[in-house]
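Student: Here are the chains, one letter per residue:
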Amino acid sequence: MWDLLRKYRVYVAVGVVLLAAFVFYSLNLKNKEHANAFESGVLNLMAPVAGVVAGMNRGVTGVWSDYVDLLEVRKENKQLRESVRILNSRLLDAGEAILANERLRKLLELKTSLRAPSLAASVIGEDDSPWFKTIVIDRGTADGLREGLPVVASDGVVGQLVKVTAGSSRVLLLTDHASGIAGAVQRSRARGVVKGMGGGRCSLDFTLREEDVKVGDTVITSGIGGVFPKGLPVGEVTMVKKGGAGIFQTVELRPRVNIPRLEEVLVILQEIHD
Amino acid sequence: MIKFLKTAIIVYAALLVQVTVLPAYIADPFKPNLLIVVVAYLGLREGGWGAALAAFFLGLIADCFSGIYLGLSAFSFLSIHLLLRKVADRLYTDSLYLMLLVVVLATVVNGLVHLVLLLLFPVGAGTYATLLAGLLPQVLVNALAASLLFGIPAFGVREEAR
Chain A
1 MWDLLRKYRV
11 YVAVGVVLLA
21 AFVFYSLNLK
31 NKEHANAFES
41 GVLNLMAPVA
51 GVVAGMNRGV
61 TGVWSDYVDL
71 LEVRKENKQL
81 RESVRILNSR
91 LLDAGEAILA
101 NERLRKLLEL
111 KTSLRAPSLA
121 ASVIGEDDSP
131 WFKTIVIDRG
141 TADGLREGLP
151 VVASDGVVGQ
161 LVKVTAGSSR
171 VLLLTDHASG
181 IAGAVQRSRA
191 RGVVKGMGGG
201 RCSLDFTLRE
211 EDVKVGDTVI
221 TSGIGGVFPK
231 GLPVGEVTMV
241 KKGGAGIFQT
251 VELRPRVNIP
261 RLEEVLVILQ
271 EIHD
Chain B
1001 MIKFLKTAII
1011 VYAALLVQVT
1021 VLPAYIADPF
1031 KPNLLIVVVA
1041 YLGLREGGWG
1051 AALAAFFLGL
1061 IADCFSGIYL
1071 GLSAFSFLSI
1081 HLLLRKVADR
1091 LYTDSLYLML
1101 LVVVLATVVN
1111 GLVHLVLLLL
1121 FPVGAGTYAT
1131 LLAGLLPQVL
1141 VNALAASLLF
1151 GIPAFGVREE
1161 AR
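For the protein sequence lines, the chains are A and B, in the order given.
When the letters of the first sequence are read in order and numbered with this note's numbering, they come out as residues 1 to 274.
When the letters of the second sequence are read in order and numbered with this note's numbering, they come out as residues 1001 to 1162.
One should not assume that every hint holds.
[As the list claims (entries may be wrong)] To be clear about the criterion: a stretch of chain B counts as covered by chain A if any three or more of its residues have a C-beta under 8 Å from a C-beta of chain A, and this derived list gives those stretches:
{"#": "1", "segment": "1016–1022"}
{"#": "2", "segment": "1026–1039"}
{"#": "3", "segment": "1062–1076"}
{"#": "4", "segment": "1114–1121"}
{"#": "5", "segment": "1130–1144"}
[To be verified] Distance ranges between label pairs, derived from CB positions:
{"#": "6", "chain 1": "A", "residue 1": "Lys-242", "chain 2": "B", "residue 2": "Trp-1049", "range": "52 to 60 Å"}
{"#": "7", "chain 1": "B", "residue 1": "Ala-1129", "chain 2": "A", "residue 2": "Arg-261", "range": "21 to 29 Å"}
{"#": "8", "chain 1": "A", "residue 1": "Ala-97", "chain 2": "B", "residue 2": "Val-1087", "range": "54 to 62 Å"}
{"#": "9", "chain 1": "B", "residue 1": "Trp-1049", "chain 2": "A", "residue 2": "Ala-97", "range": "50 to 58 Å"}
{"#": "10", "chain 1": "A", "residue 1": "Trp-2", "chain 2": "B", "residue 2": "Phe-1030", "range": "47 to 55 Å"}
{"#": "11", "chain 1": "B", "residue 1": "Tyr-1092", "chain 2": "A", "residue 2": "Trp-2", "range": "31 to 39 Å"}
FYI, nobody ran anything at the bench for these hints, they're computed from the structure.
Beta carbons are placed, not taken as given, at the ideal position from N, Cα and C, and that holds for glycine.
Generate coordinates for the entire structure from the input sequences, incorporating the hints supplied.
Tutor: This is the structure:
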């Protein structure tokens, strides 16, 4: 027996190591919505630098779009070249401020309309895998956040906090396969659960076949479950299918929030209970 | 010690670029996974259990920014590394084309291992459709990123003379 083990010791060692890694993964599945010490450490190490780099990205994007627009104007009209050059320098300063002002104004309107206290946060990172959908924001336990809090934007629901560390947090987006939000069709009050499908889409599951759902309907949060306040926009119905023998109909949604262009979000600090 | 520091800086920079810079300019699933390129390089060029531990920790760090399943990428990166260690002795690891092929295969294996582990447990139901749809673009962009990275002389990989 020992001779056999000694002969194949490399394979045994590899097997033991892989088994240990597999057990580690399966044990962590129980706590998948909580950040452990390792995750907290890594996120705390990355968050400050990621915040700085995200700010630089926003500046570069603004400068590039303004520069391309103004180059086209210069070519088309020689007489305005000097004034465009002067306006360019002013736009470079004011353009980004105007866009940021607009986004923050909408966020403030949402904040004042919510009955619960809320906290604004900036998006500083995104999921590095194409088949999971999460973002990183620059607020954490130091700002009073905890796992499970709902996250919204001016256009609607964004997702829910998972993995909160001292200075940053990860948000599970509503388009992720692990996400589930209690929703209802605004017009007919048909209820279901909004589940992520990846690829920027969601589905409204467990909606009975006899419920009235049409393409173009708006889906809002139903308030059931006590996580999201009632009435927040989630998405718009893009496909309804009632075929087959099942008791539920198939409904697909397009989220209201433009997630790839998300820069600021609002975290609702109180969990609403029915 | 200096080699460890250099590697740590490269990994930190790769992670920063992947999480913060690339999402601002490149849409999913066309963002390259730079950590897989590092794991493929480690698997072919570095031996010993230290490199295996490094691959495992790279996976853990990737899991901190990817999905909510800690240990998923750690297991897949470790598997890829151990697989590559098994065959590295028989391969001409200085060849750029071989390194690109390894990165392509590592990306496929990473995707398949994720799929198997998610399906083994009742989590991430429905992820298989997104995962399989995103696998081919991931393979192509990782190969492109690897061709650019391994073109840097510091990696010691050279294009074969025609």
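Student: If a hint holds in the structure, say so; if it doesn't, say that too.
Tutor: Going through the hints against the structure:
no.: 1; hint: 1016–1022; in the structure: holds (count 5)
no.: 2; hint: 1026–1039; in the structure: holds (count 6)
no.: 3; hint: 1062–1076; in the structure: holds (count 14)
no.: 4; hint: 1114–1121; in the structure: holds (count 3)
no.: 5; hint: 1130–1144; in the structure: holds (count 6)
no.: 6; hint: A:Lys-242 / B:Trp-1049: 52 to 60 Å; in the structure: 57 Å, holds
no.: 7; hint: B:Ala-1129 / A:Arg-261: 21 to 29 Å; in the structure: 24 Å, holds
no.: 8; hint: A:Ala-97 / B:Val-1087: 54 to 62 Å; in the structure: 56 Å, holds
no.: 9; hint: B:Trp-1049 / A:Ala-97: 50 to 58 Å; in the structure: 54 Å, holds
no.: 10; hint: A:Trp-2 / B:Phe-1030: 47 to 55 Å; in the structure: 53 Å, holds
no.: 11; hint: B:Tyr-1092 / A:Trp-2: 31 to 39 Å; in the structure: 38 Å, holds
In summary, the structure agrees with every hint in the numbered list given earlier.
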